[in-house]
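Quick mapping for you: the protein sequence lines, in order, are chains Y and L. Adding 1 to a residue's 1-based position in the first sequence gives its number in the working numbering. Adding 1 to a residue's 1-based position in the second sequence gives its number in the working numbering.
These are calculated hints, taken from the structure and not from any lab test. It cannot be assumed that every hint is accurate.
One copy or two, either will do: identical chains are not told apart, so a pair holds if it fits within one copy or between any two.
Claimed, not checked - Keeping only pairs whose Cα atoms sit at most 25 Å apart, straight-line, the calculated BS3-like set for lysine-lysine is:
#1 K255 / K106
#2 K459 / K255
#3 K106 / K459
#4 K459 / K245
#5 K245 / K106
#6 K255 / K245
Protein chains: 2
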Amino acid sequence: MNGAQAVIRTLVGGGVDVCFANPGTSEMHFVAALDDVPEMRAVLTLFEGVATGAADGYARMTGSPAATLLHLGPGMGNGIANLHNARRARTPLVNVVGDHALTHKRLDAPLESDIDALAGTVSGWVRRSLATSQVGADTADAVAAATRGQVATLVLPADVSWSEGGARAAVPARRPTPQVPAAVVEEIAGVLGGSTVLFLGGDAVLEPGLRAAAQVAAGTGTRLLSQRSPARMQRGAGLPDVLKLPYPPESARKQLDGVRHLVLVGAAEPVAFFGYPGMDGRLVPDDCTVHVLTTPAEDGVAALQALAELAAPDATPQVAQARRPELPTGELDTRALAEVVGALLPERAIVVDEALTSGHFLPTATVGSPAHDWLTLTGGAIGQGMPVATGAAVACPDRPVVSLQADGSAMYTIQALWTQAREGLDVTTVICDNSAYAILAGELAAVGAAGGGERAGKLLDLGGPALDFVALATGMGVPATRATTAEELAEQFRTALVEPGPHLIDAVLPRG
Amino acid sequence: MNGAQAVIRTLVGGGVDVCFANPGTSEMHFVAALDDVPEMRAVLTLFEGVATGAADGYARMTGSPAATLLHLGPGMGNGIANLHNARRARTPLVNVVGDHALTHKRLDAPLESDIDALAGTVSGWVRRSLATSQVGADTADAVAAATRGQVATLVLPADVSWSEGGARAAVPARRPTPQVPAAVVEEIAGVLGGSTVLFLGGDAVLEPGLRAAAQVAAGTGTRLLSQRSPARMQRGAGLPDVLKLPYPPESARKQLDGVRHLVLVGAAEPVAFFGYPGMDGRLVPDDCTVHVLTTPAEDGVAALQALAELAAPDATPQVAQARRPELPTGELDTRALAEVVGALLPERAIVVDEALTSGHFLPTATVGSPAHDWLTLTGGAIGQGMPVATGAAVACPDRPVVSLQADGSAMYTIQALWTQAREGLDVTTVICDNSAYAILAGELAAVGAAGGGERAGKLLDLGGPALDFVALATGMGVPATRATTAEELAEQFRTALVEPGPHLIDAVLPRG
Chain Y
2 MNGAQAVIRT LVGGGVDVCF ANPGTSEMHF VAALDDVPEM RAVLTLFEGV ATGAADGYAR
62 MTGSPAATLL HLGPGMGNGI ANLHNARRAR TPLVNVVGDH ALTHKRLDAP LESDIDALAG
122 TVSGWVRRSL ATSQVGADTA DAVAAATRGQ VATLVLPADV SWSEGGARAA VPARRPTPQV
182 PAAVVEEIAG VLGGSTVLFL GGDAVLEPGL RAAAQVAAGT GTRLLSQRSP ARMQRGAGLP
242 DVLKLPYPPE SARKQLDGVR HLVLVGAAEP VAFFGYPGMD GRLVPDDCTV HVLTTPAEDG
302 VAALQALAEL AAPDATPQVA QARRPELPTG ELDTRALAEV VGALLPERAI VVDEALTSGH
362 FLPTATVGSP AHDWLTLTGG AIGQGMPVAT GAAVACPDRP VVSLQADGSA MYTIQALWTQ
422 AREGLDVTTV ICDNSAYAIL AGELAAVGAA GGGERAGKLL DLGGPALDFV ALATGMGVPA
482 TRATTAEELA EQFRTALVEP GPHLIDAVLP RG
Chain L
2 MNGAQAVIRT LVGGGVDVCF ANPGTSEMHF VAALDDVPEM RAVLTLFEGV ATGAADGYAR
62 MTGSPAATLL HLGPGMGNGI ANLHNARRAR TPLVNVVGDH ALTHKRLDAP LESDIDALAG
122 TVSGWVRRSL ATSQVGADTA DAVAAATRGQ VATLVLPADV SWSEGGARAA VPARRPTPQV
182 PAAVVEEIAG VLGGSTVLFL GGDAVLEPGL RAAAQVAAGT GTRLLSQRSP ARMQRGAGLP
242 DVLKLPYPPE SARKQLDGVR HLVLVGAAEP VAFFGYPGMD GRLVPDDCTV HVLTTPAEDG
302 VAALQALAEL AAPDATPQVA QARRPELPTG ELDTRALAEV VGALLPERAI VVDEALTSGH
362 FLPTATVGSP AHDWLTLTGG AIGQGMPVAT GAAVACPDRP VVSLQADGSA MYTIQALWTQ
422 AREGLDVTTV ICDNSAYAIL AGELAAVGAA GGGERAGKLL DLGGPALDFV ALATGMGVPA
482 TRATTAEELA EQFRTALVEP GPHLIDAVLP RG
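Work the whole structure out from these sequences, hints included.
Set out below in structure tokens:
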């Protein structure tokens, strides 16, 4: 077999059987090899940021990596923003970047650039495969590295792909997640109580971890908070309801006010998203001690269960009751939008949340909706929502995906809609259309920037000309409608959820 | 003044008075400072690849840099593909990348990443400004560095921007372009003749260089060829017609067959775009000597003029006669498309060519059209055409811009249309709509990739669902029409050229 076939067979053998692809000439043997290995599903995207974001969304739902296929340095560049988000999500991801043939490298052809330097900024593991005989083994190493919760980038020269002499390599069995020693759990048990917060992230915000944490909370009076932007959180009726740390630093500080012990469980210490003049970026009070129950690489669920067993063996976790908001009527604003989502969210939904400023009321409105998964913008690089929704829908074809998307951010990776149409994915996108980079208007004030005059304001305004998301979606094959009242949104959202395949609703909100 | 004001005042003082921007929180003081320095024109884009490509197009037409404003590492990442093209075009460009405040850097906030590593892959000059008192001087150095024909990236921490104590710095006068010693010109004069090719690029493919080169050709029998993808070429009626080296390696080799001396003038030695199995990537015959009249950093025009004076003082350059093709009728194919463009191309047009496989007949069809500028895809990173057209139109508001754009490539930076609408730019975009990555079908065969079966073919096909470019353009505020016959294209092209502001024509071609 040739090198490309060895790569694909090794991937498939290692359980990586979906590839989000934007191929070019240097990847043509990989493309050709797809016909030889039907177990690999290749999903075409029109832009690399869609491919990398979709691979992120896929793995958040399956726990196993997808592959990407990107075209040299510029293709890697186009994929970097969502690889950055994937890195922050600790998503397992095998990033395959084609490169010039080894024999062509020194000629400095037009597409030559430093792929390795680019890859290093977002990858936990980078290797350039240098021999067809080794490319199977290199691929197996990439899969194993990805499985440790990181982006693994395999740079694949064209001649390593096209030459004969490849061999499939076996991917080693996944190592069990490291466990925390009992002594650590015992130490944490000693600081539980009313002035302590368990700060949850990673695996701790999926159902088993949340139940154990809520048991601790119920038995000891310890409070629970979640990191601001977890990769995947489970919530809704019958599950513990954990408040996410708010985005504005002053609100976050208020949540942490009086906390004497902050216990990290699969999360890093919270800091402000940005620095602001005269403000400390740390959020934890000066007299608060930060403890680590588990790092993101350790088994947070087991540690929480051990902690619950030790500190609150008989406590019953509090969970959210099944309760939906009334369907709103009249003006369509961010509150009505949230209520429509909460009232109609289907069973087992996957919610992808890049609503940003328009998402304020979502947590309250959906807490009693049927249990669902909630995927967020982990690394702050906007343009993640629609690709992540795409990948999540590929991962879970039997579950409805609801993609709540701010308008400005939508335009970074709007091409995702085409892949949703092509693959017939059951994604309902709601554009939170306030015709502005509304978050930046707040930031302009928050950084104390003087003026906010006309010329500055123009850089935050998306209204001239207005973006017509119905036309954009239709142009990429996704049926779309526009909602200007709460009733229209409800009706269109219900219809979109019932009909198979992708839909987009342009929810026209008051201008941001 | 604060740091942001010092940056903008220094830029404006140094002649950099256009900024293509995608700001975020860390750039809010820069945004606010725009109200204090009205000489700086800020142009909002919806995606960073549009900003960097527009800055490239702007500088190709003016010879002076524009600035960009990008948001941290992910914003830099989104801009990299077109910065790669700008690097290959030797475009002067000041790339301003906001970063976290210095005081925030160590907190590893979600958007933290290695901007410097990213910047290094596309920039000839990179600096992180560390003090408000120095940021004016850093900016002046960036402008001076850019002016040497490279991307200069200034990383601008938020607190360096927002703190007081900045001062405008003067940008040093531009150094004169290095001249080639007379001895080099004399040596080249000794090898001119029928088996010699002057291989032209950079400044040598603008009118003065072309005239001098054509004079040499007329007087000595030396042949002229241009690099495959010059940043900016001048051509049309009354100007010398110089063949570009073809893309397919076998065609390029045919052009170079029998050449004993290849003289580089502002161009690198030509090589194949990609490597192919069993093929040498070098294109120059083994028995051909490669000479350098000028490197891209040296004054090619002066050297060619000296060469003409020495070797062909009395010769008259051959120039293309004014002659337009007949307007075609009937089926709309790539030949008819080229003939429509050639027949109707207005005076002083700027043509931006990312037509790729659909552009085969364009050179012949337009050689006798009124003199025009032709901007091409310099670095092979697709998604350059529409941003470059946007920047060229900002640079030359009194000239019509014709953007000839392949469909697949269009989707990488389709957001450029919105900026064209917002700024009322006189850009006529013609989408060469063959519903395929047609170039890749050829490449799949060229690399000798086996199969080309159904699954491979699906990755090169854009037809399911078909992209509706009329809807996409309309959705971003650009009036659009669809042409399915040669007559329709001619009529729509003529109308679009007459009406002010941007237009898009979806030219439906036979499927690729």
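Quick rundown of the hints versus the structure:
With identical chains, the CA atoms of K255 and K106 are at most 25 Å apart between copies only, with a shortest distance of 23 Å across copies and 56 Å within one. Proximity of K459 and K255 under a CA criterion of 25 Å is satisfied in neither setting, with 33 Å inside one chain copy and 54 Å between copies. Taking CA atoms no more than 25 Å apart as the test, K106 paired with K459 passes in neither setting, with 45 Å inside one copy and 29 Å between copies. In the homo-oligomer, the alpha carbons of K459 and K245 never lie at most 25 Å apart, since the shortest distance is 32 Å inside one protomer and 42 Å across protomers.
In this assembly of identical chains, K245 and K106 lie within 25 Å of each other by CA distance solely across copies; the values are 23 Å between and 48 Å within a copy. In this assembly of identical chains, the alpha carbons of K255 and K245 lie at most 25 Å apart only when taken from the same copy (13 Å versus 66 Å across copies).
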